[in-house]
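Dock chain X against the given chain H, drawing on the hints supplied.
Which chain is which? The protein sequence lines are H and X, in order.
End of the first sequence = 327 in this note's numbering, gap-free, step of one.
End of the second sequence = 537 in this note's numbering, gap-free, step of one.
There may be inaccurate statements among the hints.
In the DSBU-like style, the derived pairs of lysine-lysine whose C-alpha atoms are separated by at most 35 Å in a straight line are [unchecked claim]:
#1 X:278 - H:325
#2 X:294 - X:118
#3 H:255 - H:325
#4 H:255 - X:148
#5 X:228 - X:252
#6 X:475 - X:278
#7 H:325 - X:50
#8 X:145 - H:325
#9 H:255 - X:294
Honestly, the hints are just simulated from the structure, not real lab data.
Here's the letter readout for the chains.
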Amino acid sequence: MDYETLMQIFGSTVRLGTPLLLACLAGLFSERAGIFDIGLEGKMLAAAMAAGSVAAMSGSAWIGLLAGIGASLIFSGLHGLASITFRGNQLISGVALNFLSSGITVLVAQALFGQGGRTPPLDGAARFNPITLPFAESLQDVPLIGPLYYQVISGHSILVYAAVAFVPLTWWVLYRTRFGLRLRAVGENPAAVDTAGVSVVGLRYAALAITGVLCGIAGAYMATALQAGFGREMTAGRGYIALAALIFAKWRPWQALGATMLFGFFQALALRPDVVESIARFKVPVSMLDALPYILTVLVLAGFVGKAIPPRAGGEPYVKER
Amino acid sequence: MVATANNGGRQATAALTPYAIELKGISKAFGPVQANKDINIAVPRGTIHGIIGENGAGKSTLMSILYGFYRADAGEVYINGKLTPIPDSQSAIRAGIGMVFQHFKLVQNFTVLENVILGAEDGPMLNTSLAKARKVLGDLSREYEMDVDPDALIEDLSVGHQQRVEILKALYRQADILILDEPTGVLTPDEADHLFRILNGLKDQGKTIILITHKLREIMEATDNVSVMRRGTMVATVKTAESSPESLAELMVGRKVLLEVEKVKATPGAVVLAVENLRVKDDDGIERLKGVSFEIRAGEILGIAGVAGNGQSELLEALGGIARATGRITLKGVDLPLVGLAANGQTRRAAGIAHVPEDRQHLGLIMDFSAWENVAFGYHNDPKYQKNAVFMDNDALRADTERKMATYDVRPPIATLAAKNFSGGNQQKIVVAREMEQNPDLLLIGQPTRGVDIGAIEFIHKQIVALRDAGKAILLVSVELDEIMSLSDRIAVMFDGQIMGTADPETTNERELGLLMAGVSGKA
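So here's chain X without its partners, still in its complex pose:
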């Protein structure tokens, strides 16, 4: 079942090798960090090959080497059996490699056509290139079910369409090998299904596809083979059909992992949070939250599902005191101020609302500040951190931080280390520790596991459930449907600033939620 490169080295001829890509002994270090250690991988032509691994396992580094973004310290790249040095992206493109990055590399105020030809123009004048691209794009769109208006501006397209533009860009450059880095993170389930149909279409045309993802379900559904990376090494390459999500997760983390969240049925108590007709306008005066009402009871997790950008962020910000709002918010029967100076994060925290923001690197942490300084934020006026009327008690704060780091298994447990030097998962644990340890009545938690590795996901999920079981109310906002479905006691789906519908996680399914997420209120 292990299908690693082992076909006798030198005598393999270009025509005979069944592999589109072979990487042999690839190593790459960034300073003292060994990002890739002697990686061997062989990808058979005309297959979809998954690469999974936790954050920092070296997947992106490996693909960046393959795309000429980095030079490997050692090792060789064979494309269709031929030794192909890839010193830069231009060589990778010439070798037939196309890459769709997680963060699209598109020029927002250019048209689709302009983006597609950028760097692949047919001469110094644009009009011939544009005319040719228009024709080629039309053919590709028909062939692979990818309609995109060639004259639309990128900024006017949905993320799903933008991703298609990235794929078209690669195909326009006649890529035979397509690498996709976390392609479904920003898509609705429907869009993701469509993407996989496109990928299967490409595979049928003999293209080779490498899919980097952390979603085990996608690996199981879409790939032929899967390679697992852990801490810079290639742990195994297996046929997908012969593996299981559990075995892959174990290979990734190096120990047994619980994929299902273990929790008992909720026993909701009194209403903690009541929201009535909440409305939020953005800086341009456009209404982003259009009259949202709901309640959360003690000992209950309400999950808010939805594609990013449908008002979830504004909801969290209004509740957290960051955004001005109209309507009504009551916490344990007390009205909270929605506008004016009294509506701020400080007063909300004092009222008993803790907030783990969606964007931890911008709202949750100051990346250049140390862990103990970050642990103080929002609670820096807490009497237990004060030495006297003037000075803070930094020693107490550091000791407190070290205790929290131990409880939440933050690695490395060094309170003086700057936030930016922790991995994504450990950064999140610092924020979660800070907020949960305040013992709030209500926890707002946005995208709790975005960019967080599987081991840490398991831990954070357990903490959320434990807080619920301690009788607290929790508002969970996530774009990961799996997370919403496994953690929530009730689910509300947001679309275009409104709650499209609610569902019971016991009885609903992805199809139903997906329709609600797409704005179709097809209540069965």
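With the rest of the complex left out, here is chain H:
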């Protein structure tokens, strides 16, 4: 494998890792606040459908993005209602919302466009198109740096750069702001927050709102940047992979970047069976490569990453004790 090919794979690693990264940061906010959200998948899917549909109808990717965020926020709100206000089981609420999303996205897309649950192909302004950074073309032939800049750093849509920017932003919010302190505290010991006179419910809803926005961007990216339109079950378990990456990252933002890019790398490899074959020197079945990210997920969840201690109050509705 030559350097050029490696850079191409890294380029698609970034493209494929981006929705994972956004979903992972989304999960980071809710889980740090003590709300387990296995509904990342459903939110992404709902956002992808809403973004794809609205972008197709309006011709604007940006309006599509807003619609995607809106759809995801509705799902977040439902999760909050079930698990914060009514103190329901967070896992069950998340699973239910995933099922709801899986069905309703196809139903709505079919009702709107009648194309078998897909949205029409998007192009032009209805998509987030790759941005070529300055000098990317001219530097392309410079050894080492040229292909790195051209393939890996340049040539992504605005949402990819936004996703990467969310990593330091998340770190800063979490560790340098009052909101972050309270958010981390409410996921560890909500009673401490409550007795300090801060609303546990308010904080948790705020966290879920951020989760909703980030999942919305992730879903919109899937439908209007990575692909050209919404397709049935297009998120393909990325919400769950993001959760695995979150555990891998031990609920920390920079590590989330690393973990999601690792998963993205495996997805990128699956797209290049020729490369894998040339390295492995035998034919690796494509389905085997497709399964790689999921196998890695299982390994991560089986505890091969060492001890990952989740936020202590995670999964438990907060009830004032007597």
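Leaving out everything else, chain X in the frame of chain H:
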């Protein structure tokens, strides 16, 4: 001597009233349970005011109302003479009330500083708040003799230090009124003394302190006035100097109570239990019990004193067959298995060891199961509970439970009621009845009176002594020094997984035991 609120109501002006807090006619019901009934109390400024009462007397509910955790159904709260509604904790904090809960409300993996500023930050960015808190904390620590490393993580601090962080949290919020709920339950005698020095320092600065406790000795030592609650009502408020432990206990329970355990001198017989070089490792491979050896004879109570977490739990679990161990345990000359499948609670019970575990809600009972089901646990294979080879004889079991409930005065005596619906004391009586009625050779009993009210304490202590007098061996583990000193025939003190020393309850004192508990082997 009764100093209840009675200063003419409306015309009292803010500046003149000597009371930091006045509660008037506070009532609060949870469903059919009237937790507080028309409570009146007035706490003079700059005093330490004790509130005592049995479990469920309504002390915590009253303080939760004062801290804005619950809204009262009726009644008014006056702070410094001014009517102050307290709908939430934020209002309580604004009114200058700080609360140190029995179970600390700290974030374990935050630093001291982060915990202190949580909810009291000076703006959306943290660094200014942290810098200010660092300075204020330094001043407070010097002023009140409370050194705490501001950058230490809470989980690395001892409970005594964690409690200081809670007090600092309140002071950082400029609390003038500090409420402490059962503050000494987790402290060594030295730490408790230190706490009272801190509280006296705060009092000298004009702060008002409310101390909720069930320990009469602390009330007598530390408070200026004391209010007694019983079954949701305020029974009396008296000057501490004019009261006595006996009179307070009588007010609490509503009848005369024996505070001293009545027992004759032990007449130890043959060795029942011999433990040699017992070692236990926890799940992380850390040794928690580091080579403990002792003997207990028939008709003798060996008391194990020590601050919680120094290997007492592991000792009980190893003896009870719950934890794997190395070393040697012999019961009446027979070696008991320490590892493998044969080492379990069932075989230990069959061998004659009954076990009242320290944590009755997790190890002793299943809270959602009824009393009669709980009475069967551990003895469910007993032939007398079997109808035939397949079915259990539930009627016999229920009848047996009702008999035990009558003997042990469990209230209400309803065998079908779920364990969680009994008070702490009655839950404990169910466990004690189950274990003692098996007539064991050795009784392991951990924290027999934790969370148990005075009336039930008296009863359980009597049962323990009666079992001893019946010639049984008893291993008593308790963090309550009073209990250890009054019940034990011999005392062993544990520290860091080892027995630091032994003492004779007749001749020892709290000072000596306290030193041993702190790991100082200063044998006089």
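Each hint tested on the structure:
no.	hint	result
1	X:278 - H:325	violated, 48 Å
2	X:294 - X:118	holds, 30 Å
3	H:255 - H:325	holds, 28 Å
4	H:255 - X:148	holds, 33 Å
5	X:228 - X:252	holds, 17 Å
6	X:475 - X:278	holds, 14 Å
7	H:325 - X:50	holds, 22 Å
8	X:145 - H:325	holds, 31 Å
9	H:255 - X:294	holds, 28 Å
The structure does not agree with numbered hint 1 stated previously, though it agrees with all others.
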